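S.K.: Sequence:
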Amino acid sequence: MTGAFSSINWMLAPVLVPLAAATATFLLMGLRGRTRRMAQNAIGLAAAVGIAVSALALWAMVSGGGPVRYELGGWEAPLGINLYADGLSVFMLLTTAVVGAAGSVYTLGYFSGREGEDVRRREYFQDETGSFWPLWMFLWASMNGMFLAADAFNLYVTLEILGLSAAALIALGGTRMAFSAGMRYLMVSLLGSLAHLLGVALLYGSFGALDLATLGESASPIPPVWAALALISLGMALKTGLFPLHFWMPSAYTGAPSAASAMLAGLVGKASFYLLLRVWFDVFEGSVPPGAGQIFGVLGAVAIVWGAVMAMKQTRLKTLLAYSSVSQMGYLFLVFALVAGASPERGFEAWAGGIYLVLSHACAKAAMFMAAGVVIYSVGHDEIPRLHGIAQKLPLAVASFAVAGMTMMGLPTSGGFTAKWLLFSASLGTGQWWFGVVILLGGVLAAVYLLRFLNPALIQVRTAKVYRDAPRSMTVAAFGLSLFSLFLGLASAPMLDLLAVGGPFGGGS
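So the numbering used here is basically just the index in the sequence shown, starting at one, shifted up by 779.
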């Protein structure tokens, strides 16, 4: 299939479409008011549709014919730049397509006027410059470019664009806290990217290649490879927010506008986790020192418990969700401990469980931040003690939070249940039952901290004052995405089949 005209179009579209949309929406920033807003909204929605169509087309191509490789300009590796799509790549493209489409619809209403404002102080500001759409499209393009990149240097390039775009989106909050959080994230992003670049330099100096497939064939258990593994792993753990390197996450997710928080919490951390998966299982497979995966597993287990305990202590809804993300990201890093030394069957269970959790968590957490944004837009704040009875005024927003919470807890029929069941089964099958205990405990703790908001919102008689109704696009996007996260548990078979195409546990090359 390599070089086919249809392959070229669909391989390039997930990157070129958002890049073109970013350029177009940037050029429209010179306009003012309703005209600019309507034009940017139209371009953003059109781009979301185009990305979704291209992701679905690649799904059909990869599922039917195996992994696809395209050589830009006709130059082969190691000189040329290649794009590569296998089951994992397409799965991640589908994740960004689903969450990104919902986020784009949500944005239509979120920046339609002045955001949540109570009588004491202004919480957020109107996006008067129209900066959100260009930044969001650049962010989307960088993620899709990362998922299709076939060489280590272009992974670095897309990682840098991703970090710069995310930091600017955080700063759009307009408050001192938002600027501080954006600067902190920028420093973290640059440090993580630098660690990755140093690791890539070591690999290039040792093997004279940057193409991931070539590095995978050449890598061997020698000190330079171990040093590169350590640098890249440290950098990506920092950018993903693995405990204890999560210090930037609560302020970043809380300070950003809720439209940006949903995209950051749902997608951005998953991109660096994807890069880590690629490096560990495509490049360093067979070269990872014994016990290295256990380090990630232990840190992931601690993150699950510690993040949940911290979430229980929060009195602000978005901060609660931020610490919830610290906890949920811990599940992803169990994969490295569970895959190490496992049989192919158990290894695929753990690997697929972690990746399926990427999709289910992305949908659920983005929906929860969207619901929090609806509350802030309508009430003017997210202080949980002041949200008693809010379900009476904002039933769809609270319902979105509750349905997405089922995925976070891992209740049956949800995508979170499927993912955590695979991880739990792998933990028992590999004899690492203690990780299974942590997985079960994490679900119980998630229920506890989510009820900190749901209990007063649903049960208390006294009703919080609502200053205005949120636009319908905001509530519909949040509720639709939460329902999708619930539906994922019933439609996991085709997605898991996709993950079996290529990769360390599938066929193809």
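The set of hints was computed from the structure by calculation and includes no laboratory data. Small disclaimer: the values here were computed from a predicted structure and weren't measured. From the three backbone atoms N, C-alpha and C, an ideal C-beta is built for every residue, glycine too. There may be inaccurate statements among the hints.
Stated by the list, open to error - So the derived label-pair ranges between C-beta atoms look like this:
{"hint": "1", "residue 1": "A1272", "residue 2": "G809", "range": "27 to 37 Å"}
{"hint": "2", "residue 1": "M808", "residue 2": "P1174", "range": "46 to 56 Å"}
{"hint": "3", "residue 1": "L973", "residue 2": "T1192", "range": "38 to 48 Å"}
{"hint": "4", "residue 1": "L977", "residue 2": "T954", "range": "20 to 30 Å"}
{"hint": "5", "residue 1": "L1207", "residue 2": "D1248", "range": "29 to 39 Å"}
{"hint": "6", "residue 1": "L1219", "residue 2": "G987", "range": "45 to 55 Å"}
{"hint": "7", "residue 1": "I1074", "residue 2": "I1238", "range": "37 to 47 Å"}
S.K.: It remains to establish, for every hint, whether it holds in the given structure.
M.R.: Status of each hint after checking the structure:
Checked against the hint of 27 to 37 Å, the C-beta distance between A1272 and G809 comes to roughly 49 Å, which is inconsistent with it. A hinted range of 46 to 56 Å for the beta carbons of M808 and P1174 is inconsistent with their spacing of about 37 Å. Between L973 and T1192 the beta carbon distance is about 43 Å. The supplied range of 38 to 48 Å therefore holds. For L977 and T954, the Cβ-Cβ distance of about 35 Å falls outside the hinted range of 20 to 30 Å, so the restraint is violated.
Range check, L1207 to D1248: about 49 Å between beta-carbon atoms, so the 29 to 39 Å window is missed. Distance hint for L1219 and G987: a CB-CB separation of about 48 Å, consistent with the stated range 45 to 55 Å. A hinted range of 37 to 47 Å for the beta carbons of I1074 and I1238 is consistent with their spacing of about 43 Å.
Against the hints set out earlier in the document, violations occur for numbers 1, 2, 4, 5.
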